[in-house]
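J.: Chain residues, written in single-letter form:
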Amino acid sequence: MTTTVGRISPNFEKLSGEITSIGLNWHAKTIVENSKWNKKHISKTIKNVPMPTGEKEKSAIVISAGPSLYKNNILSRIKASGYKGSIIAIDGSYVRSIKADLEPDYVLTLDPHPTRLVRWFGDPDFEKNLEGDDYFSRQDLDIAFRTNSIDENRRNIALVDRCGKDKKLIICSAAPRNVVERTASVGFDAYWWAPLVDNPEKPESLTRAIVRETKLPAMNTGGTVGTAAWVFALTVLKIPRIAVVGMDLGYYKADTSYLQTQTYYSLRDQVGEENIHEYFPEFVYPGTGERFYIDPTYYWYRSNLLDLISASGSTVFNCTGGGTLTGDGVECVEIEKFCELSK
Amino acid sequence: MSNLLKGNFTVKRNIEVNEKNETDDLATDFRKKALESIGGSMVFVEREKLFWEDPDSKVDK
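Protein chains in written order, with the numbering used here: chain A, 1 to 343; chain B, 1001 to 1061.
Careful, some of the hints might be misleading.
Each pair of labels, with its calculated beta carbon distance range [stated by the list, open to error]:
{"#": "1", "chain 1": "A", "residue 1": "Lys47", "chain 2": "B", "residue 2": "Glu1048", "range": "35 to 45 Å"}
{"#": "2", "chain 1": "A", "residue 1": "Glu13", "chain 2": "B", "residue 2": "Glu1048", "range": "31 to 41 Å"}
{"#": "3", "chain 1": "A", "residue 1": "Lys36", "chain 2": "B", "residue 2": "Asp1056", "range": "11 to 21 Å"}
Simulated pairs of lysine to aspartate or glutamate, DMTMM-like, Cα-Cα distance not exceeding 20 Å [to be verified]:
{"#": "4", "chain 1": "A", "residue 1": "Lys337", "chain 2": "A", "residue 2": "Asp151"}
{"#": "5", "chain 1": "A", "residue 1": "Lys202", "chain 2": "B", "residue 2": "Asp1054"}
{"#": "6", "chain 1": "A", "residue 1": "Lys36", "chain 2": "A", "residue 2": "Glu181"}
{"#": "7", "chain 1": "A", "residue 1": "Lys44", "chain 2": "B", "residue 2": "Asp1056"}
{"#": "8", "chain 1": "A", "residue 1": "Lys39", "chain 2": "B", "residue 2": "Asp1056"}
{"#": "9", "chain 1": "A", "residue 1": "Lys39", "chain 2": "B", "residue 2": "Glu1053"}
{"#": "10", "chain 1": "A", "residue 1": "Lys165", "chain 2": "B", "residue 2": "Asp1056"}
{"#": "11", "chain 1": "A", "residue 1": "Lys44", "chain 2": "B", "residue 2": "Glu1048"}
{"#": "12", "chain 1": "A", "residue 1": "Lys47", "chain 2": "B", "residue 2": "Asp1056"}
{"#": "13", "chain 1": "B", "residue 1": "Lys1049", "chain 2": "A", "residue 2": "Asp105"}
{"#": "14", "chain 1": "A", "residue 1": "Lys238", "chain 2": "B", "residue 2": "Glu1053"}
{"#": "15", "chain 1": "B", "residue 1": "Lys1049", "chain 2": "A", "residue 2": "Glu204"}
{"#": "16", "chain 1": "B", "residue 1": "Lys1049", "chain 2": "A", "residue 2": "Asp307"}
{"#": "17", "chain 1": "A", "residue 1": "Lys47", "chain 2": "A", "residue 2": "Asp105"}
{"#": "18", "chain 1": "A", "residue 1": "Lys36", "chain 2": "B", "residue 2": "Asp1054"}
{"#": "19", "chain 1": "B", "residue 1": "Lys1049", "chain 2": "A", "residue 2": "Glu201"}
{"#": "20", "chain 1": "A", "residue 1": "Lys202", "chain 2": "B", "residue 2": "Glu1053"}
{"#": "21", "chain 1": "A", "residue 1": "Lys215", "chain 2": "B", "residue 2": "Asp1056"}
{"#": "22", "chain 1": "A", "residue 1": "Lys44", "chain 2": "B", "residue 2": "Asp1054"}
{"#": "23", "chain 1": "A", "residue 1": "Lys99", "chain 2": "B", "residue 2": "Glu1053"}
{"#": "24", "chain 1": "A", "residue 1": "Lys215", "chain 2": "B", "residue 2": "Glu1053"}
Hints in this document: simulated from the structure, not taken from any laboratory.
These numbers come from a predicted model, not from an experiment.
Glycine included, C-beta positions come from ideal geometry on N, C-alpha and C.
Pulled out of the complex, with its shape left as it was, chain A reads as follows (with noise of 0.2 Å):
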């Protein structure tokens, strides 16, 4: 369990909170746009994937891209245990993995940004699409694409462009067009789901409209890709024992300012320099001792993930080894011992 160091304030609550409806204003409409645009381009649905069988359907570990992937060697971890389970990568560790030598069995996206996303995928647009924009820049995990994006890009083009054909790629009805453009040209074998974004038995639901537009079957995403992938493991592979990695929903205190978190200058705008600890509650990871913190965003992150693991009544396996994401039907172990425990 980790130990919450900071007081949660109510006025933190408060603003994690407002998150979904902001969340759902900003994003219903891109959301319907694309997935109307997309129907031409389904042929098949998530429920048409095929069920995994002998280790695979055993267990399986869900790589997010969380800095700890990086800062823990977890990605080489997996590869010398010699793990025989079902790998699932989200878009945003997919190059990352299979640079590692560990190639995944699916790959999931779900975000509908129009410019950003697509890179994850090697973005033949790229110049066009960094102009005007820091995020990665100034957050990339992979510091060779920080500091040398274009020739890396060009890479990554070059890289999946050769390990992405005939790939399950479980992308959302929600996915941009570039995206959606660029894996049908590389080849990736497309099986696709509507986001579940609200309660579908309400009359006025979103989630309900885009899935009669559809037809898709639509799947819950926690707010986030990682959580996505973990509800595909278990809902449609149905796996029992299933492992996230890099999924750190927090900042490492030793290493990472407030200045350099996501949200710093906004909250700083919106509730003063003086007041600004208020919004960074800290964390302890139980198992290293390690303090993390936490901005708002993360914080509703985890509270959707946490609320979706009590629902299903199962357990996750944290193999994360540092982070926020601890509580109730979360179990912490190093990867070694997961992967030990899935033969």
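Add chain B to chain A, keeping to what the hints say.
T.: This is chain B only, laid out in the frame that chain A set:
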């Protein structure tokens, strides 16, 4: 602001200052920036169902 600036004349037209909106805009702006700055983000308001199929549109492709 209204505590600092005081007029010594009457304007012809009443101007309504919506102070609440200023605060709301700041909060909304923060949340939008927070969401925009995070990769992989998606809306989420359903906390119980993990998977759902519309009984009326269940068509295996």
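J.: Each of the hints needs a verdict: does it hold here or not?
T.: Hints and how they fare:
no. : hint                            : verdict
1   : A:Lys47 - B:Glu1048: 35 to 45 Å : 21 Å, violated
2   : A:Glu13 - B:Glu1048: 31 to 41 Å : 20 Å, violated
3   : A:Lys36 - B:Asp1056: 11 to 21 Å : 19 Å, holds
4   : A:Lys337 - A:Asp151             : 37 Å, violated
5   : A:Lys202 - B:Asp1054            : 12 Å, holds
6   : A:Lys36 - A:Glu181              : 15 Å, holds
7   : A:Lys44 - B:Asp1056             : 18 Å, holds
8   : A:Lys39 - B:Asp1056             : 18 Å, holds
9   : A:Lys39 - B:Glu1053             : 17 Å, holds
10  : A:Lys165 - B:Asp1056            : 34 Å, violated
11  : A:Lys44 - B:Glu1048             : 26 Å, violated
12  : A:Lys47 - B:Asp1056             : 16 Å, holds
13  : B:Lys1049 - A:Asp105            : 25 Å, violated
14  : A:Lys238 - B:Glu1053            : 16 Å, holds
15  : B:Lys1049 - A:Glu204            : 17 Å, holds
16  : B:Lys1049 - A:Asp307            : 10 Å, holds
17  : A:Lys47 - A:Asp105              : 16 Å, holds
18  : A:Lys36 - B:Asp1054             : 17 Å, holds
19  : B:Lys1049 - A:Glu201            : 11 Å, holds
20  : A:Lys202 - B:Glu1053            : 14 Å, holds
21  : A:Lys215 - B:Asp1056            : 9 Å, holds
22  : A:Lys44 - B:Asp1054             : 17 Å, holds
23  : A:Lys99 - B:Glu1053             : 37 Å, violated
24  : A:Lys215 - B:Glu1053            : 9 Å, holds
Going through the hint list in order, the structure does not satisfy hints 1, 2, 4, 10, 11, 13 and 23.
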